[in-house]
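S.K.: Sequence:
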Amino acid sequence: MIEYNTFVFNAFGVNAYIVYDETREAVIIDGAVNSDGEMSLLRQFVSSKGLQVKYIVNTHGHLDHICGNDRLKAEYNVPVLANFKDNDLIENVGREAAMFGFRMNRQSLPDQNIADGDIIKFGKSSLKVLEVPGHSQGSVALYSEAGNFVVCGDALFCGGIGRTDLPGGSYAQLIKSISEKLFTLPANCKALPGHGGSTTIGYEVENNPFF
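My numbering puts the first residue of the sequence shown at 684, with every later residue one more than the last.
Simulated from the structure, these hints should not be mistaken for lab results.
For clarity, every value in this text was computed on a predicted model and none was experimentally measured.
Take every hint as true, because none was put in to throw you off.
Here are the simulated distance ranges between beta carbons:
id : residue 1 : residue 2 : range
1  : 858       : 695       : 20 to 26 Å
2  : 879       : 831       : 18 to 24 Å
3  : 811       : 757       : 24 to 30 Å
4  : 867       : 842       : 16 to 22 Å
5  : 858       : 771       : 20 to 26 Å
6  : 890       : 730       : 35 to 41 Å
7  : 894       : 730       : 40 to 46 Å
Quick list of in silico lysine-lysine cross-link-like pairs, DSSO-like style, CA-CA up to 30 Å:
id : residue 1 : residue 2
8  : 804       : 732
9  : 756       : 732
10 : 768       : 804
11 : 756       : 768
12 : 804       : 737
13 : 873       : 807
14 : 811       : 732
15 : 737       : 811
16 : 873       : 756
17 : 859       : 811
C-beta atoms are modelled at their ideal positions from N, C-alpha and C, and glycine is treated no differently.
Take the sequences, apply the hints, and build the full model.
M.R.: Below, the structure written as structure tokens:
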């Protein structure tokens, strides 16, 4: 059975997810640890569950979601998976950090590209990659049919959508992505956003003010 655990990391309040199953193989999604204390919390959870981390996956390339990549790679010696369309954001993360008034060390580029329809396999489970550009050009969501949940990144929030005023953003593109890729999932599918509380696809179809 596929399960997940949520952590909230760094000053931006990023939801980091660890997804795993009975084989104890696991995937870390947006593991945005930005301090020794946050890394310790994640490490303790992985150890307590006896998990073997197989991949680190980014939903997109903004600094708040990628800031833990190199630390996690060093800890678990596994590849980072992301859509390469956001590589320019990762390469210019220092410039993005300056927009928010602080400094950030450059992170390594992802090791493996993931694109629409790709299947990320771990243990007896899998996550399907859905490209949802609009918040950034390389934004993806990760759908578990077996678990009936989708990790949305910053595309869709409870009662909202991701901002589109950052480099690579497009309001029209994001609305199209959500309508065609997320709102077509089952109504009772749990939507796990990059920030804030969870919701369901059905609730957002009926109540999200942007639609």
